[in-house]
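Asks: Listed here are the chains, written in short residue letters.
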Amino acid sequence: MHELGIALEVIESIESRIGDQRVRLVVLEVGLLTAVLPDALRFCFDLASEGQLTEGAELKIIEVPGRVRCVDCRNEFSLDRPFGRCSCGRTDLEWLSGEELTIKEIEVV
Amino acid sequence: MCEICGCSSDLTPVVENLIQQESKHTHSHPHSHDHEHGHGHDHSHVHEQDGAREKPPNRIVLEQRVLARNEKIAGKNRASFAERGCLAVNVLGTPGAGKTTLLARAMADQKEHWSAAVIEGDQATSRDAELIAQSGCEVLTLNTGKGCHLDASMIERALAELRKEHSLIVVENVGNLICPALFDLGEHFKIVVGSVTEGEDKPIKYPYIFRSASVFLLNKIDLLPHLDFDVDQCLAFAREVNPNIEIFQLSAKTGEGLEPWYDWLNARMTELKRVSNAE
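Chains F and X, in that order, give the protein sequences. The first sequence begins at 509 in this note's numbering and counts up by one. The second sequence begins at 11 in this note's numbering and counts up by one.
Since the hints were derived computationally from the structure, they do not count as laboratory data. Where hints are given, some of them may not hold.
Here are the simulated BS3-like cross-link-like pairs (lysine-lysine), alpha carbons at most 27 Å apart as the crow flies [said to hold, decoys possible]: (1) F:612 - X:121; (2) X:121 - X:174; (3) X:263 - X:86; (4) X:82 - F:612; (5) X:121 - X:215; (6) X:263 - X:82.
Computed spacing ranges between beta-carbons, pair by pair [as the list claims (entries may be wrong)]: (7) X:232 - F:530: 41 to 49 Å; (8) F:530 - X:287: 54 to 62 Å; (9) X:288 - F:554: 46 to 54 Å; (10) F:554 - X:146: 34 to 42 Å; (11) X:240 - F:545: 24 to 32 Å; (12) F:579 - X:233: 31 to 39 Å.
If you want the ones that stay clear, here's a sample from chain X, every Cβ over 12 Å from chain F, calculated [as the list claims (entries may be wrong)]: (13) 78; (14) 144; (15) 153; (16) 161; (17) 213; (18) 221; (19) 222; (20) 249; (21) 267; (22) 270; (23) 286.
Since we're looking at a predicted model, the values are computed, not measured. Using N, Cα and C, we set each Cβ at its ideal position, and we do this for glycine too.
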């Protein structure tokens, strides 16, 4: 259930940046190669926010598709999970993007 | 408390050094507040939004990577390992895969060759640590309480307690294939332990951890005659997720297949020594 660990880190990061202002919105960018489940993250965020500065805040998740390149034939394609197979049959893939896990912006009360 | 896995936000690890027969309870808040942002932008300003909807009174751009704090501490741990000239491995696997038995066996078998320490992560008890300590190596327990993974700051605190002379430090992570994957501890390699009593498709069910591991130890091969486990299929799945993963089939119980894994660890320790001597 790493979504809980991530939710806790999100709240901690925000608190260290803005002190004790109340937060109404958190915009998070989540790459699909991280295998983070947005629904689980939302559930954990709500739980972890109880009694915290993010209590009751809306969590907006922007999903970033994975972009990978086949190590063999250099073909680039999209992935929505941390593994896949190139059209040439090989599975050795270089990850170009899709591992993001970033707090883009927040809105305080 | 998370109703799914029992985690809570109250992560206060208990550090206990078994060899020294003393126990220190650190109850300080596990998160530090000195942030530096390696990749993000360190600015904040209010955005004015166009459009018909209400202008947000206070929108702050953070561009903060969520794992940045853990990564920074992992970096410090990495430097600590380098300073000690020791190899650090992070051992992961589901409960019952045989991590503890394997480590206890390895420590006993190699005690003339390795100066090793083990950092044991468990939700509760020090039973695993006691088993490993029987081999005579230094063992330290981290009880994560309701937490589901070890993070870099816990390892940083553990390192402060360990003696300095080791050439190998093994972190036995909590029994969980999901949470530990994202939390870099500063180790050189991740080792994932599975067993033939689990499904062959473990690697594709947990692709993230198999992709981030350098080694896959397939344990309990002594039981194969009693099972329908398809070894080739399991290995194929592992290589599909991670074409470069090293795989060792072994049995902690009978000792079969352990030598090649010990050789791999020894080779890595030798490489490390060569690199640090060259500097």
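Asks: Hints first: check each against the structure and report whether it holds.
Replies: For each hint, the structure was consulted:
About 50 Å separates the Cα atoms of residue 612 of chain F and residue 121 of chain X, which puts this hinted pair outside 27 Å; it is violated. Using a Cα cut-off of 27 Å, the hinted pair residue 121 of chain X and residue 174 of chain X holds, with the two alpha carbons roughly 17 Å apart. About 37 Å separates the Cα atoms of residue 263 of chain X and residue 86 of chain X, which puts this hinted pair outside 27 Å; it is violated. Straight-line distance between C-alpha atoms of residue 82 of chain X and residue 612 of chain F comes to about 19 Å, which keeps the hinted pair within the 27 Å bound.
Restraint check: the Cα-Cα separation between residue 121 of chain X and residue 215 of chain X comes to about 36 Å, which exceeds 27 Å; the hinted pair is violated. Of the pairs offered as hints, the one joining residue 263 of chain X and residue 82 of chain X is violated, with about 39 Å between alpha carbons and a cut-off of 27 Å exceeded. Between residue 232 of chain X and residue 530 of chain F the CB atoms are about 59 Å apart, so this pair departs from the stated range of 41 to 49 Å. For the hinted restraint 54 to 62 Å between residue 530 of chain F and residue 287 of chain X, the CB-CB distance of approximately 55 Å keeps it satisfied.
For residue 288 of chain X and residue 554 of chain F, the Cβ-Cβ distance of about 52 Å falls inside the hinted range of 46 to 54 Å, so the restraint holds. Checked against the hint of 34 to 42 Å, the C-beta distance between residue 554 of chain F and residue 146 of chain X comes to roughly 48 Å, which is inconsistent with it. Under the hint 24 to 32 Å, the C-beta atoms of residue 240 of chain X and residue 545 of chain F, about 29 Å apart, fit the expected range. At roughly 36 Å, the beta-carbon separation of residue 579 of chain F and residue 233 of chain X lies within the given 31 to 39 Å, and the hint holds.
Residue 78 of chain X, annotated as away from the interface, has a beta carbon of chain F within 12 Å; the closest lies near 8 Å. Against the 12 Å criterion, residue 144 of chain X stays outside the reach of chain F, whose nearest CB is about 32 Å from its own CB. Every C-beta of chain F lies more than 12 Å from that of residue 153 of chain X, the closest at about 17 Å, which supports listing it as non-interface. Not every C-beta of chain F lies more than 12 Å from that of residue 161 of chain X, the closest at about 8 Å, which undercuts listing it as non-interface.
The claim that residue 213 of chain X lies off the interface is violated: its Cβ sits roughly 9 Å from the closest Cβ of chain F, which falls inside the 12 Å cut-off. Once the 12 Å rule is applied to beta carbons, residue 221 of chain X is inconsistent with being away from chain F; the minimum gap is 6 Å. Distance check for residue 222 of chain X against chain F: the nearest CB is about 9 Å away, which does not clear 12 Å, and the non-interface claim fails. Not every C-beta of chain F lies more than 12 Å from that of residue 249 of chain X, the closest at about 7 Å, which undercuts listing it as non-interface.
The claim that residue 267 of chain X is not at the interface with chain F holds, since no C-beta of that chain comes within 12 Å of its own (minimum 25 Å). Once the 12 Å rule is applied to beta carbons, residue 270 of chain X is consistent with being away from chain F; the minimum gap is 23 Å. With a cut of 12 Å on Cβ distances, residue 286 of chain X stays outside the contact zone with chain F, its closest approach being about 29 Å.
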